[in-house]
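Asks: Here is how the chains run, residue by residue.
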Amino acid sequence: MVVTVRLHTTLRRETPQGIVDRVELELGEGSTLRTAVDALGISLREDAILLVVNGRIADVETPLAEGDEVRLIPAMSGG
Amino acid sequence: MDERLWRVDVARREAHRAPVPESWHRLGGRGLIARILLDEVPATCDPLGPHNKLIWAPGLIVGHMVSSCDRISVGAKSPLTGGVKESNAGGTTGLQMVSLGIKALLLEGDLPAEGWSVLIVTRDGLRFESGDDLIGLGAYAAAERLRGRYGDKVALSLIGPAGEMALTAAGILNLDKDRVPSRINARGGMGAVMGVRRLKAIVVDGAGGEKPPLTDAALFKAGQKLYTQEVLAHPQSAIYRDYGTAGLAMMTYGFGALPTRGFSSGNFEGIDRISGEALRDRILARGGEGDTSHACMPGCVIRSSNCFAAVDGKMIVSPLEYETIGLVGSNLGIDDLDEIGRLNWEINDLGLDSIDTGAALGVAAQAGLMAFGDPAGAHALLDEIRRGTPLGRVLGCGAAVTGKVLGIRRVPVVKGQAMPAYDPRAIKGTGVTYATSPQGADHTCGLTIRAKVDHLDPKVQADLSRTAQINMAGYDTLGACIFGGFGFAKAPGAIRDMINGRYGWGVGEDFLQVLGFETLKLEQAFNRAAGFTPSDDRIPEWMTQEPLPPHNSVFDVSEADLDRVAGWS
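Top line first, the protein sequences correspond to chains A and B.
Under the numbering used here, the residues of the first sequence are numbered 1 to 79, in order.
Under the numbering used here, the residues of the second sequence are numbered 80 to 648, in order.
In case anyone wonders, no lab produced these hints; they're calculated from the structure.
The beta carbon of each residue, even a glycine, is placed where N, CA and C say it ideally should be.
Each hint should be verified, as a subset may be incorrect.
Unchecked claim - Taking CB as the label site, the calculated pair distances span:
(1) A:GLU24 - B:PRO628: 48 to 58 Å
(2) A:GLU24 - B:GLY610: 29 to 39 Å
(3) A:ARG56 - B:HIS95: 57 to 67 Å
(4) A:GLU29 - B:VAL380: 45 to 55 Å
(5) A:ASP47 - B:LYS393: 54 to 64 Å
(6) A:MET1 - B:ALA455: 39 to 49 Å
(7) A:ASP59 - B:PRO121: 44 to 54 Å
(8) B:LYS531 - A:ARG22: 20 to 30 Å
(9) A:LEU44 - B:GLU625: 35 to 45 Å
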């Protein structure tokens, strides 16, 4: 299955081709959010990154399905 | 220098310094304003009449350039909400007031019948000069003229044309560390309360002033060091430094809560053009006067502010923040950051709150007075405000008045104050804050978007909002920026040590919550005396009925939960 991962703010990546803030991931059936995060090589700092699937808060055990939109959001607030 | 109340009668052009009553000593900023309003302002008074008082109150730890902790609170009975109001800002006003020993400065007494004043506050006392030549000037030009007259080192609190017209969405502008009048006590119409007293500006000249005394300097410094270390180490500080609050645009969109076209959707198709990521890329590519990281107060190590320049490298506006991007951008269907920035400059120059003004334009767009997605149409409406036309005055009184006059039902307000850029149908905890805060709809009273909860679940929001509101009321009383709060959360002992180091009060680690809870109780007492009832602690009915795409959710936190939070017991 293929899922889309959006990388917010400080998780964006600078590459020779430019800044990457959207990645399409090919994952095996039964994959969870942890699989996606591991595939991207991102270390999850507790309370520092919000995991969101299709607009709802999720956790590393959340199962993924074809076409899901995952957001990895360095947690921030407004003022 | 002893702390004093500086009481100012603009009509008689008299002022005197008075002792601080015992029961006011242990409060500052927002909490002190609530205490003063309860003690000295009849809750049922006309907010734009002689019995209201306009109060400047620095927070309790202002004065030592502790990072992000020199904020100035301004408050009064609000002409926008009819209730208690405190609005705080960064800049240099708080720091300079404290250096002169000002615990609070109060405008009180009769309303002047004619003539405009400038109040000059110095170490030697207060004096008045004429402000007649400044009337009609935009805030930027007025600030420049005042700096020319009184020097580059003074702090200023001034109003723009909107305050002169006593429009109820008018704010009070303060200079940032680069002397730009962009740090705004924006919410709740404090500029109108200043305008009816025909006071164009307060000039605070801290020359010869001194830092407030410390009871135990070593303890204070230890607390400051611990706090500063935690702020610097916090991952959130790095986000603010590089992306500013604008980073919230993509986050709020990701939760389906980005106000779009008059709060009709949480899903804006132009998000990639107005996001914090796009803003940063644009600032870096253009260079010139642009800067992705800028401190609004001297000594701030977070530097979440920014300077946004055009392709020619010349400044468009500083700062460009998320709430304005949400209310003036996606809420108006505008997907061009340059246009949003130019509208932001115009709103600042008029001396208006960009949240209530953006929301009012969104209501006007629903009524067909401008097209969504048309910056020229938005500029034309702002020009109506500048010219003081009847339509302009309606818009400058904010979204609630605009909705009533234009016959629009979908108005995003609570207690007459416009919602910031988080639709409460998709971030329901923040909706609880909007509904139950004594201040009216205000994200700075308790934003919940950062919490790891299901923002659509109505059952888990009340306690989340309550905790956030207590903490925020505490920070507002200390004079601490919310963003510094993330450092304090990791080092709660730092507040205890700084307060005990400065005042010797022997407070505990829970002092933040003690202050916050006391403040909220005082504020709610004032509102109840002003005539507010639980029916005022509600989200507008249409938001409980009309589903918000993309989640198609409504605001459905129970009224019992809202009443429980708003009881503040």
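Asks: For each hint, tell me whether it holds in the structure or not.
Replies: Structure-based check of each hint:
no., hint, in the structure
1, A:GLU24 - B:PRO628: 48 to 58 Å, "violated (25 Å)"
2, A:GLU24 - B:GLY610: 29 to 39 Å, "violated (57 Å)"
3, A:ARG56 - B:HIS95: 57 to 67 Å, "holds (59 Å)"
4, A:GLU29 - B:VAL380: 45 to 55 Å, "holds (47 Å)"
5, A:ASP47 - B:LYS393: 54 to 64 Å, "violated (41 Å)"
6, A:MET1 - B:ALA455: 39 to 49 Å, "holds (46 Å)"
7, A:ASP59 - B:PRO121: 44 to 54 Å, "holds (52 Å)"
8, B:LYS531 - A:ARG22: 20 to 30 Å, "holds (23 Å)"
9, A:LEU44 - B:GLU625: 35 to 45 Å, "holds (37 Å)"
Comparing the model with each earlier hint shows violations of hints 1, 2, 5; every other hint is respected.
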